[in-house]
Every structure is written in C-alpha cells, then in structure tokens.
Amino acid sequence: MPKGEASLIIGPSGSGKSTLIGIIAGLVTATAGTVAVGAKEVTRLGALERDAFRARYIGLVPQTLHLIGVVSVRDNLRIAQRLAGLARDDGAIDACLAGLGIAALAARKARELSVGEAQRVAIARAVVNRPGLVLADEPTSALDDANCEKALELLTGQATACGATLVIATHDSRIRSRFAARLEL
Amino acid sequence: MSMVRLAWAYLAARPLATSLNVAMLAIGVGTVALLLLFTTQAEERLARDAAPVDLVVGAKGSPLQIILSAVLQADVPTGNISLAEARRFAANPMVASATPIALGDTFRGHRIVGSDASYLALYGARVAEGRAFAAPMEAVVGADVARRFALATGAALVGSHGLGTTGTPHQGHPYRVVGVLAPTGTVIDRLVVTPLESVWEVHEAHHEDKQDEHHDEKAADSGGREITALLVKYRTPLAAALLPRQVNATTSMQAASPAYEMARLMNLVGVGVDVLRVFAMVLMATAAISMFAALMSALQERRYDLALLRALGARPAALFALLAAEGVTLVVAGVILGLVLGHAAAGVLGSWIARSNAWSITGFAWQPAEGWMALAVLAAGVATCLIPALQAYRGDPAILLKR
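Here the protein sequences line up with chains A and B, keeping their order. Sequential numbering from 1452 applies to the first sequence in my numbering. Sequential numbering from -1 applies to the second sequence in my numbering.
Errors might be hidden in some of the hints.
Where chain B lies over chain A, by a calculated footprint (3+ residues, C-beta under 8 Å) [said to hold, decoys possible]:
{"id": "1", "region": "1462 to 1475"}
{"id": "2", "region": "1508 to 1522"}
{"id": "3", "region": "1525 to 1531"}
Treat the hints as calculated values from the structure; they're not laboratory data. Here the structure is a predicted model, which means the values were calculated and not measured. Glycine included, each C-beta is placed from N, C-alpha and C at the ideal position.
Given these sequences and hints, build the entire structure.
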C-alpha cells in the first residue's frame, strides 16, 4: 500500500478482508507472514506495544460505526485522544468536527445520532489524532449510491487532510474503479 | 475522558438499576450501622448507670426487675423493704455506702426518687443552679427534666401517683424546685430527686384519701417506714462473694448484682440484635449478588463498547479498571448512603425513645466498628467486581470486525 495514498482491499464476503484489517491494526495475531506499517513491523510487536502503536498511529472506522453511546460526541473523540496518550485538545476536536460538518453535534449523546451522523463521528474519531494510517472496514456496503459517494469523499478527504495512508476493505464493487492501488482477495 | 468518568457515564445511563443496587446495599449497611449504634450506646449507657452501684437490695422477686427499677428506673419495683431492716444491713462493715431510694411517683413521665444526698454523690451529680434539697418537699431536677420542662429554681411541680403515665396527681403536695443538676450522662439526668421524707409524706396523705386503692408501694401505714431499695457500694472485694448470699439467706430482702444482671439483660437483648444483624447480612449479600448480576449484564450489553475501546488502544487493564470503577462506585455510594441512613435512623429512633422518657441514643456518634464494617463491605464489593472485570480484561477486540 503506497504511503499517503488510498488503497483498496477488495474481495467477496468471507475472503479475509476484515481479518487482514485486524492483523494490520494489531487486533488479530497473524499466524504467518509479516505486516509493517512504515518502519514498524506490527506482527513482531508484543500485545501492549501493539495497543500503544494502534492508539497513536492507526485510525479505525469499523463497519458498525460503533460509538460509545452513553457519552457525547466530543467525549467519544476525547476518549480517542486519551487512549492515544495525547493531551486533551478540544481545538483539534472542534476543527475535526467542523471539517466533517458536524460541529453542532459536539454535545449530543452518541446514541441519539442518525446513521449518517454516526458515520461522520466515526470518521472524526479515526482522524482526530492525525494518525499515519486510517483503516476502514466496509464503510460503504450498507449505503445507497449517493451516500456511498459522500462517505468516500469524507474518508479520502479527511485522510488526505491529515496526511494519512487510507486502506479500505470492502466487497462493494461500486467503488473498485475509484482506487488505483488494489489488493484483490 | 478518564475510565472513571466513563464508568460514571455508564451508571448514569441506567439510573433505575443503579439506584436499586445502591439502595439495596445502603439498606443493609444502614441496618448494621443502626444496630452498632444502638447496641454500643445502650451498653455504654447501661454500664454508666450501673457502674456506681455494686449491689441492690430490694423486695423478694426478680433480680433483673430490681436492677431495672432501682438502677435504670425502667420497670416497676418488686415491692418495698423495711427501712429498719435495710439499715441493719447497711451497718455491715463490708458495706462502704448504702443509699436508700423510695419510688412511687412521677412528674410528667420522669420518676421522682426519694433519697438522700448520697444518691447525688453516687452519680457524681453537681448542682448547676440553686442548691441541694435540705427539707421535705424540696427537690432537685436532673438536667434533661429541667431542659424539657423549662424548670428553674423556685418552680413548683406536682407528682402523679404511680410509675405509669396515668396516675392521679398529688395536687395538695407540690414539690418546690431548689436546684437543677448539671448533666452527668447518667440516669439521674432524667429524674427528680427529693428527700425520702417527701415520698413518705405524699403517700401517707394519699393513703388516707384512698384507703381502698391499690398501690405499687405499700405506704408506711403498716407500721415502720419502708423504702423501695438500697443501693450498696462494697468496702472490700470479698463483699461481692459474701453479701448477696447473706442477704438472700438471712433476710426477707433480695440482693441483685447490677453487673451480673446487665450482662444477662444484654444477652437477652443480644438474641434479637443477632437476628437483625443476620437479616442485614442477608440484605448485603443480596445486594452483592444483584450488583454482580448488573455488572455481568452490563458486560454483555457493552461487549462492543469494550472491543471498541481496545481497538482505540485501551489496554486490558484499563477495561478491568472501567468495570471495577463501576462496581466500586456502586459500593462506595451504597456504603456512604447506608451510613447516612443508619445515623439518621439512630437520630430519629433516639428522639422517639427520648419522648417515652427512657434512655436515648444519638445519631451524631461514630463507632470504630462502623469503619471496619465499611471496609469489609468495600472489600466484598471489589471482590464482586473481579469476575466481570476479568472478563472485560480477556475480551476479544476483534469482535468489532466480525459483527
């Protein structure tokens, strides 16, 4: 995957896309082979080192867009900052939310959001720490064409804005042509 | 946002379950705290009231009843004894002091005790205002009585016949208050004390008026003077072994040891207290099980939240801390609320007891045992959190990608 660009991992359901995303993120232990993110060989890291590396250098957008529902949108992003070991930076959070057009949602409880709003918040959480790598698992598979396009714009736009490499895992053939760098499974 | 604040947010998100868990634990802790306050203060109070007296000599009957009536002023006497016989016993060289008391009347629920100056000395009572009584129908009032009825020197008070609350007033025989006693923290605070002669005088007149009426005390119309009991202090430890037996075997009187009877009383009361204590323990155990169930349920509901936190970089120990913080918060809230409830209940109970003119307890006291109880509950609460917290620790973050 070329650094600073957007790449696609594409394949049918059950082909191992999410598992590969999990291995890159250090959530799943590889049984063979190696994965390196930049100069860091993730597959050689210990469990605690993988946690720390993931928190600081990887932004993850899961397929379910899962947010912590009982706290506000702002607190969801603060949790990401804290777990990355960064100082609380409300300015970065505000800028991130504004960039995604959801500044007005900052104080809203995450469980009160619509799917579209939750998707933007999930993207904001993935990029708020300005990671080197953003991993998105099936970000468009449940969306209609218009929203699929919008989601891709937001993801690529935010990854580009923070200079991160973007890797999208999907079985959604609608977006195949959008990416030059592809890994077919 | 810290794990502790996140734990609080989870608790706040389910207010009913959180409140019920805290309330269950608080009721258990509060019950134990109330029992501790009640039993400890009761024991201390009984010990203070009984401490100055080594032996009570009264009419034949229940020794416990003699102690309750003559020392704690809480029961009717077993009868009267002859003053002459009591004096003969008091002359025994093993007796350091012997204080006669005569009961029979009350003032608005507070007992009027006929005695002499040695009764005040027995409880270390000091006259705070006025002077000690010196003549019949003069009286000094205990600190609680003076405060409750705003009595000061020069006031007149009329006693009612009998030790209940419905006695006939002795209208023609008012007492004159000549002194108010300083608080002692003993039974004398709740009494009106007057010379023995006052009690005899009032009751002789009463008997002349109502020949047929039954009385708790037989007045002195049978010949010699009578008293209710004799409060004895020993001159020598040997007296404890000899005097009670001597009284019971050679006189028509009954000897009763306050220390022995108090221990017996506390054993009797202790059975009921133990039952309540077990009940409180069951409540606390139920609360612990309920908390465990709530945490396990929360763990199940939140497995994706926990996986997400791991995916964001949270270490397993942080998830352990998150679940543990929830449990500890519930336990700490339950313990604090329980202690507040227990002390408030002790205060309310104390006010209620005080209205019936018996001894009282206060909620503004702290027993060291409460601290140990709180620590034990906290430890049990933390132990309850361990299994859910360990499950959170071991959770698989990859489920976030498999959903």
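Verification of the supplied hints:
1. 1462 to 1475: holds (count 4)
2. 1508 to 1522: holds (count 10)
3. 1525 to 1531: Check passed, 4 qualifying residues.
The structure is consistent with each of the numbered hints, conforming to all of them.
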